[in-house]
Amino acid sequence: QKEVEQNSGPLSVPEGAIASLNCTYSDRVSQSFFWYRQYSGKSPELIMSIYSNGDKEDGRFTAQLNKASQYVSLLIRDSQPSDSATYLCAVNGVTGGGNKLTFGTGTQLKVEL
Amino acid sequence: DVKVTQSSRYLVKRTGEKVFLECVQDMDHENMFWYRQDPGLGLRLIYFSYDVKMKEKGDIPEGYSVSREKKERFSLILESASTNQTSMYLCASRSYGETQYFGPGTRLLVL
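Protein chains in written order, with the numbering used here: chain S, 1 to 113; chain L, 1001 to 1111.
Take the hints with a grain of salt, since some may be wrong.
[Claimed, not checked] Derived lysine to aspartate or glutamate pairs resembling EDC-like cross-links, with alpha carbons at most 16 angstroms apart: (1) L:Lys1003 / S:Glu45; (2) S:Lys2 / L:Asp1059; (3) S:Lys110 / S:Asp58; (4) S:Lys42 / L:Asp1038.
[As the list claims (entries may be wrong)] Simulated DEER-style distance windows between Cβ atoms: (5) L:Glu1062 / S:Asn53: 36 to 42 angstroms; (6) L:Met1027 / S:Arg28: 26 to 32 angstroms; (7) L:Gly1097 / S:Asn22: 34 to 40 angstroms; (8) L:Ser1008 / S:Leu46: 22 to 28 angstroms; (9) S:Glu3 / L:Tyr1096: 17 to 23 angstroms; (10) S:Asp78 / L:Thr1015: 36 to 42 angstroms; (11) S:Leu75 / L:Ile1060: 45 to 51 angstroms; (12) L:Pro1104 / S:Arg60: 36 to 42 angstroms; (13) L:Thr1015 / S:Leu11: 18 to 24 angstroms; (14) S:Lys2 / L:Asn1084: 20 to 26 angstroms; (15) L:Thr1099 / S:Ser26: 20 to 26 angstroms; (16) S:Gly9 / L:Lys1057: 26 to 32 angstroms; (17) S:Ala17 / L:Ser1080: 46 to 52 angstroms; (18) S:Arg60 / L:Tyr1096: 48 to 54 angstroms.
[As the list claims (entries may be wrong)] Residues of chain S placed beyond 12 angstroms of chain L at every Cβ, according to the derived structure: (19) Lys2; (20) Gln6; (21) Ser8; (22) Val13; (23) Pro14; (24) Ile18; (25) Arg28; (26) Ser32; (27) Glu45; (28) Tyr51; (29) Lys67; (30) Arg77; (31) Gln80; (32) Thr105.
Derived from the structure by calculation, the hints contain no laboratory data.
From the three backbone atoms N, C-alpha and C, an ideal C-beta is built for every residue, glycine too.
The task is simple: from the sequences and hints, build the whole structure.
Take a look at the structure:
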């Protein structure tokens, strides 16, 4: 089992719809969770971080964390073509002394006109 | 504003050359990382450093070495470049438990 799993996609949604991106992780003691967006040919940039169970909203983005189910998700409301990118889930567990993040392989999102 | 810079955006080298990739961060972060990213393989950790002169192997350290003589600078060295090291190389830094920030990346082509 991979430490952090994401569906590779592509996930296609129409413009204006809600995009739902999911991530599961195996390390039960993970403490912090991050979503990064990566455009083709560019480096990852942070979208959201979440540390406790529940929802965290920032503009059109909502991160949801359920530690009991070892599940973190990212919702993008009113999806725009500019949201088309690969979204990486990252988890800070205990590997590497807690100094490093473990990344999923990413979900490609396509927002269609 | 956190800034992570990398010495080159694009590099073309020949097989067998020694290659230096440099990364500098300006936020006094303890931890610095080197990844490579290839289509379909995601981000793979090569090496990381949690303090000056300290380093740990990541998932794919073979063929690479690193140097961290100053807190803000972390160098990746390809002792003898090979064609299978053609890739996008990403540097990152973070403080313990906090957000990780990436540099812009270096696209390396080994001929």
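Evaluated hints:
no.	hint	in the structure
1	L:Lys1003 / S:Glu45	holds, 12 angstroms
2	S:Lys2 / L:Asp1059	holds, 13 angstroms
3	S:Lys110 / S:Asp58	violated, 21 angstroms
4	S:Lys42 / L:Asp1038	holds, 13 angstroms
5	L:Glu1062 / S:Asn53: 36 to 42 angstroms	holds, 40 angstroms
6	L:Met1027 / S:Arg28: 26 to 32 angstroms	holds, 30 angstroms
7	L:Gly1097 / S:Asn22: 34 to 40 angstroms	violated, 24 angstroms
8	L:Ser1008 / S:Leu46: 22 to 28 angstroms	holds, 24 angstroms
9	S:Glu3 / L:Tyr1096: 17 to 23 angstroms	holds, 19 angstroms
10	S:Asp78 / L:Thr1015: 36 to 42 angstroms	violated, 49 angstroms
11	S:Leu75 / L:Ile1060: 45 to 51 angstroms	violated, 33 angstroms
12	L:Pro1104 / S:Arg60: 36 to 42 angstroms	violated, 25 angstroms
13	L:Thr1015 / S:Leu11: 18 to 24 angstroms	violated, 39 angstroms
14	S:Lys2 / L:Asn1084: 20 to 26 angstroms	holds, 23 angstroms
15	L:Thr1099 / S:Ser26: 20 to 26 angstroms	holds, 22 angstroms
16	S:Gly9 / L:Lys1057: 26 to 32 angstroms	holds, 31 angstroms
17	S:Ala17 / L:Ser1080: 46 to 52 angstroms	holds, 50 angstroms
18	S:Arg60 / L:Tyr1096: 48 to 54 angstroms	violated, 30 angstroms
19	Lys2	violated, 10 angstroms
20	Gln6	violated, 9 angstroms
21	Ser8	violated, 8 angstroms
22	Val13	holds, 22 angstroms
23	Pro14	holds, 26 angstroms
24	Ile18	holds, 25 angstroms
25	Arg28	holds, 17 angstroms
26	Ser32	violated, 6 angstroms
27	Glu45	violated, 7 angstroms
28	Tyr51	violated, 9 angstroms
29	Lys67	holds, 16 angstroms
30	Arg77	holds, 23 angstroms
31	Gln80	holds, 23 angstroms
32	Thr105	violated, 4 angstroms
Checked against the numbered hints listed earlier, the structure breaks hints 3, 7, 10, 11, 12, 13, 18, 19, 20, 21, 26, 27, 28, 32; every other hint is satisfied.
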